[in-house]
Structures are given as structure tokens and as C-alpha cells.
Amino acid sequence: MRKTHGLLALLFLSLTVLSARAELTIEITHGVDNPTVIAVSPIESGQRILPEDISQIVSADLERSGLFQAIDRSNMLSFPRTSGEVYYRDWRVLGAQYLVYGNAERQQDGRIKVTFGLNEILGEKAVLSQVVYGTDGNIRDIAHYISDKVYEAITGIRGAFSTRIAYVTATPGRNNQLVYRLMVADADGARERMMLESREPLMSPTWSPDGKELAYVSFETGRPAVFRQRLNDATREQLTNFKGLNGAPAWSPDGRKMALVLSKDGNPEIYVLDMATRQFTRITNHFAIDTEPNWTPDGKALIFTSDRGGSPQIYKMVLATGAMERVTFRGSYNARPRLAPDGRTLVLVHRDGGQFHIASQDLISGDFRILTSTFLDESPTVAPNGAMLLYATKRGSKNLLAAVSIDAGVKFLLPSREGDVREPAWSPFLN
Amino acid sequence: MNLQNLKAVFLITVMSIFLAACSSTSTEDSAGDSAYGDGSAVGTGTAGDGSAYGEDLGAGGVDTVFYFEFDKAILRPEARAALDIHAQRLRGTSRQVRLEGHADERGTREYNMALGERRANAVKEYLVIQGVSSDNLEVISYGEERPAQLGSDEQSWSMNRRVEMK
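From first to last, the protein sequence lines stand for chains C and G. Taking the numbering used here, the leading residue of the first sequence gets 1, the next gets one more, and so forth. Taking the numbering used here, the leading residue of the second sequence gets 1, the next gets one more, and so forth.
Calculated directly from the structure, the hints in this document are not laboratory data.
To give an idea of the chain C side of the interface with chain G (calculated C-beta under 8 Å), a few residues:
#1 Gly247
#2 Thr291
#3 Ser379
Note that CB positions come from ideal geometry on N, CA and C, so glycine has one too.
Go ahead and model the full structure; you've got the sequences and the hints to work with.
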């Protein structure tokens with residue numbers, strides 16, 4: 001049996017303050033037709049030393065991917081904690097294809113050591129065994145780490161359970177005036193944390209490629225301006241202060257530049273800001289609206305929305321040559337493009353009749369698919385492993401977040417308990 | 001990683017948690033301090049704005065809100081009629097006017113920011129042609145962020161695709 005030692009003492013974990021409850025909860029509305037049946041045996045079945053139930057978090061993570069169906073703990077016949085304790089017959093009768101088990105120990109220095117493994121039931125063999133360390137303060141990180149490893153061992157795709165999401169909420173405050181908040185939470189909605197609160201609109205949050213900063217638009221000065229803010233100490237800096245629009249920030253993949261929209265010269269144009277020299281370079285030059293820039297993963301081109309053809313459509317511009325190409329042709333409204341990490345799958349907002357849906361377009365084959373069927377869908381953001389995307393939608397009069405797999409097979413909602421939630425931004429991998 | 005390194009990591013972790021606990025910033029707090037003067041945040045459309053500028057733009061029942069079609073920034077005839085009166089009143093004065101452009105909730109937020117600006121610019125250009133100094137006209141777009149009316153129906157949307165003169 002292969003045995004590797006992982007160490008989970010990641011600095012980013014420390015940025016979060018544990019909160020007792022998550023504002024966002026998950027509601028799976030559609031999973032794949034034949035999910036992999038998995039059992040997560042409780043890591044602590046007897047005396048408990050941990051403040052949270054790691055196995056439940058792992059189980060919920062895997063189910064949320066839509067690819068797995070977890071066996072209920074109450075149906076389990078045994079609770080193995082090591083590979084040697086696994087009686088395969090117990091799991092075959094339950095129809096389990098895989099089993100996750102583990103064991104937690106508190107070490108002398110107070111840290112927690114979790115040994116976990118994954119066994120294949122039909123083949124009766126261990127496929128993964130690891131040790132991970134953490135503290136009482138990052139139990140959820142330990143759990144998401146285990147989920148990532150299990151997901152990757154079974155699907156071959158890197159897990160994104162340890163990532164985060166940023167989003168904006170708008171909640172009526174005193175005198176019914178909206179209070180806007182920039183929030184960051186785990187990818188499952190837990191451990192929500194407020195980064196900024198304002199009585200003026202907050203918009204367009206986006207992550208730096210190292211996952212340590214957010215950029216966004218704030219109206220706190222009475223006008224829109226682009227800010228950047230560090231997650232660990234909340235230090236912030238105003239990057240733009242021009243007349244007119246200051247919006248749609250997007251960090252380049254190497255983090256050295258930021259594409260954004262300014263209308264200081266009369267109408268919305270895309271500029272690139274060099275983060276070191278603070279020089280702005282104008283990229284587009286057209287009397288139409290040019291906005292919502294997004295970088296290709298190689299950093300060589302920008303994909304953006306323009307209505308230069310009479311209606312909003314997606315265009316691509318190669319930065320070195322200025323060569324421009326129209327990308328979308330179906331329908332009269334395609335906007336806010338985001339490229340999946342493969343650099344090939346474009347997701348965007350598409351108007352279909354009177355409805356706005358999230359659609360994907362394969363940049364090589366041209367294959368165009370409408371992925372969502374909810375109402376007024378917007379702001380798609382792709383997970384760093386390319387498997388899922390989050391977007392904002394509307395249910396009744398309420399804005400909420402929803403997720404859909406890139407093949408549209410899996411769908412779930414993340415309803416919030418109060419207020420509107422909008423503009424999700426999925427972080428890059430953080431470890 | 002040896003034990004010494006782990007201790008260091010743990011310490012940094014604890015410190016960061018402490019820092020994070022103190023770190024949420026609030027623009028609400030700062031709105032009341034001296035950096036923003038009297039605490040009335042820079043003209044964001046409260047009822048008091050008109051008097052701060054000295055003259056009520058809506059005097060005599062002249063429209064100060066102008067409405068638009070979806071994804072369009074073309075002034076309607078009734079808007080032009082009202083703007084003619086505004087232009088007459090404003091010509092030759094130093095009255096500062098803020099033109100706030102808005103969009104309905106449909107479509108993407110940053111595109112709607114651009115659309116709101118385009119609408120406000122349509123009003124500005126009309127006033128400038130009528131002889132109002134462009135130096136006295138400030139254009140701000142709120143996109144779909146500040147709806148006049150909540151609701152996801154044509155009636156609400158039509159009220160939200162607007163430019164407000166303040």
C-alpha cells in the first residue's frame with residue numbers, strides 16, 4: 001500500500017474566522033443519472049475529540065459535486081477506521097463502490113493528525129492512504145482536503161473543495177436603504193466572512209491569481225472606482241479614480257496586469273493597467289460599448305463584450321497584434337464571457353427569447369449549449385478545476401447563487417437566509 | 001517540515017486569525033468621519049440634494065426622470081420636451097447637475113453600467129446642444145444596482161431604465 005504524508009498547515013487557512021453557521025446552504029436539484037455510490041465511515045464513532053464531524057463534511061462535499069451518492073451513516077454495518085478493519089461484504093450489501101475511512105488523534109502539541117484512506121469495494125483494494133495534520137481551528141480544511149484527494153483518486157480531476165467563493169450581498173438596512181457587503185466563504189458556503197460593508201453599491205469582485213486579493217468596484221466615493229483588497233489583513237487600495245465608468249476588473253494570469261473598463265475618453269473602452277508602473281494602456285478604440293474583459297489562460301488575448309455589431313456579442317483581441325475576432329453569433333445578446341481553465345470552453349450570459357441563461361461555447365468546435373433553465377441568470381464563474389460553474393439567478397423576487405456542472409448534468413442552488421446574493425467569483429486553487 | 005517550522009506556521013496561523021478578526025472594513029464607518037466632511041456622502045440621490053444645489057429642478061412639475069427602451073439610449077419625445085425646459089432654465093447658470101443613468105436588471109451588470117452611462121450621456125448631449133455648459137453636467141451610471149422599483153416584470157423594468165436629473 002502506497003503511503004504518502006500530506007501536511008495541512010496552509011497559511012490561507014488562517015484567514016478565516018470560524019463562524020457557527022453558514023449563511024448559504026446547499027440544495028441539490030439535479031445530479032448525474034448514475035452517481036458513484038460512496039460510503040464515508042465516521043472518523044470519530046466513539047469518543048469525540050474534534051469540534052466538527054469531518055466525515056459528514058466529506059460526505060456533503062462529494063454529494064455536492066453531483067457525481068456521488070453517499071450512504072447514510074445509520075445504514076452502515078461497521079465503522080472501519082483502517083484498511084485492515086474493512087469487511088468488504090458489509091459494503092457490498094449496501095451497494096457501495098468506494099469507502100472512505102479514517103482515524104483522528106490529538107498529538108502532544110495539540111494538533112490533530114488524521115490518517116485517512118479510500119478503498120475500492122469490488123476490487124477489494126486500497127487506492128489511497130494519507131496523513132493530514134491540522135488544528136481545531138481548521139477542521140473544515142482537513143475535511144475539504146480529504147474530499148479533494150478522494151475526488152481526484154476516483155475521477156482523475158483535481159478536487160476544488162478547498163477553494164473559496166467571493167460574492168456581494170445586498171440587504172435592506174435602516175430606512176430600507178440597501179447595505180452592500182463583499183463576502184468570502186468556503187466553496188460550500190460555510191465560514192462566511194465579510195470583507196467590506198457599504199451603503200453604496202459594490203460590484204464585480206474578482207480574485208488575484210494567487211488567491212490572496214480581491215479587486216472590485218465600489219461607489220463609496222459617490223462614483224464607481226476600482227479597488228484591490230488583501231484577504232489576510234483587509235488592506236485596500238484605490239486603483240482608479242477617473243471620470244465616468246471605472247469597472248470590470250480582471251487580473252492577468254501572471255498577476256502583473258489588470259484589464260478594466262474606463263470611459264474617461266468619452267465611451268467605455270478596455271484598458272490594461274500595469275500593476276508595477278501604474279500605467280494604463282488603452283486596448284479598444286470604438287464608439288460602441290466595450291466591457292467585461294477576461295484574459296485567456298496564456299495571458300495573450302482578451303475576451304470581452306462589445307455591441308459594436310449592433311447588439312452585445314463576445315469578441316477576442318490578441319494583445320500583441322491587436323487582431324480582433326467576433327466569437328459569438330447565436331442570438332442577439334451574448335455577454336460577460338469567462339473562460340474555463342482549459343482555455344477552450346467559454347461560458348457567457350445568453351438571451352434566449354425573453355430569458356437570460358448561462359451558455360457555453362467550445363471555441364474550437366463551436367458547439368454551443370444552454371446550461372441553465374432558471375430565470376435571469378448572470379455572472380458565471382468557473383471552478384479552477386473546470387468541473388462546475390457558479391452563477392447568480394433569481395427565484396421569486398430574490399437573487400441567489402446556483403451551480404451547474406460544465407456538462408449541465410449536475411445542478412444545485414445555494415439559497416441565502418436573508419438578502420440578495422449576487423456576483424459570485426470562484427477563487428483559484430489556494431494550495 | 002520539522003517541528004520548529006510547524007510551530008512557526010502555527011504561530012503565524014494564530015496571528016492571522018487574530019488579524020482577520022479585526023480586519024473587516026466598513027465604508028459606513030468612514031461615511032461619518034471628517035474625510036467625508038459633513039457626513040452627507042457625496043450626492044448619491046437623497047431627497048436633500050436639490051436644495052443643496054440651490055434650485056429645484058422639478059419646479060413647475062417638469063419631469064426630472066426620463067425613461068428608455070431595453071438596451072436603448074434614445075430620448076423619447078416627452079423627455080426632449082422636458083429637457084428643452086431644463087435647458088432654458090440652466091443656460092447661463094452655474095447650477096451643477098448630476099445625471100444618473102440606470103438600467104433594468106436584465107442582462108449583465110457591467111454591460112448595464114455602460115448602458116446607464118450611455119443613457120445619461122444622451123441626456124447630457126441633448127442639454128449641451130441646447131446650450132447648457134457641459135462643465136456643469138456630471139454623468140454617473142449606476143447600471144442595475146439602484147432600481148427605482150423592485151420586481152421582475154415589464155412594469156418594474158420600464159421604471160428602472162431611466163436617467164435621473166439631480
